[in-house]
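**Q** Sequence:
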Amino acid sequence: GRSVGNAVVRNAVRRRLRHLIRDRLARLPAGTDVVVRALPAAATASSALLGDDLDRSLG
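All you need for the working numbering is the position in the sequence shown, starting with 1, plus 1305.
Treat the hints as calculated values from the structure; they're not laboratory data.
There may be inaccurate statements among the hints.
[What the hints assert, rightly or not] The calculated label-pair distances, taken between Cβ atoms and stated as ranges, are:
1) ASN1311 to PRO1334: 34 to 40 Å
2) ASP1338 to ASN1316: 19 to 25 Å
3) LEU1354 to LEU1333: 17 to 23 Å
4) LEU1354 to ALA1331: 17 to 23 Å
Glycine residues also receive a C-beta, built at the ideal position from the N, C-alpha and C atoms.
Hey, can you work out the whole structure from these sequences and the hints?
**A** Listed below in structure tokens is the structure:
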């Protein structure tokens, strides 16, 4: 939502998360739906940190 930043920041976070999740989807069972909610800290977090958080969340 808007708590992540303005439209430019939100779209940048969205692109980064899409890129990071793309490689991780193959590890999930077929047909799995994934919902990611970005918190305000995602706007300034490094891609490495976001990737680590995704790995931890997806198991």
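**Q** A separate judgement is required for each hint: does it hold in the structure or not?
**A** For each hint, the structure was consulted:
| no. | hint | result |
| --- | --- | --- |
| 1 | ASN1311 to PRO1334: 34 to 40 Å | 36 Å, holds |
| 2 | ASP1338 to ASN1316: 19 to 25 Å | 22 Å, holds |
| 3 | LEU1354 to LEU1333: 17 to 23 Å | 21 Å, holds |
| 4 | LEU1354 to ALA1331: 17 to 23 Å | 22 Å, holds |
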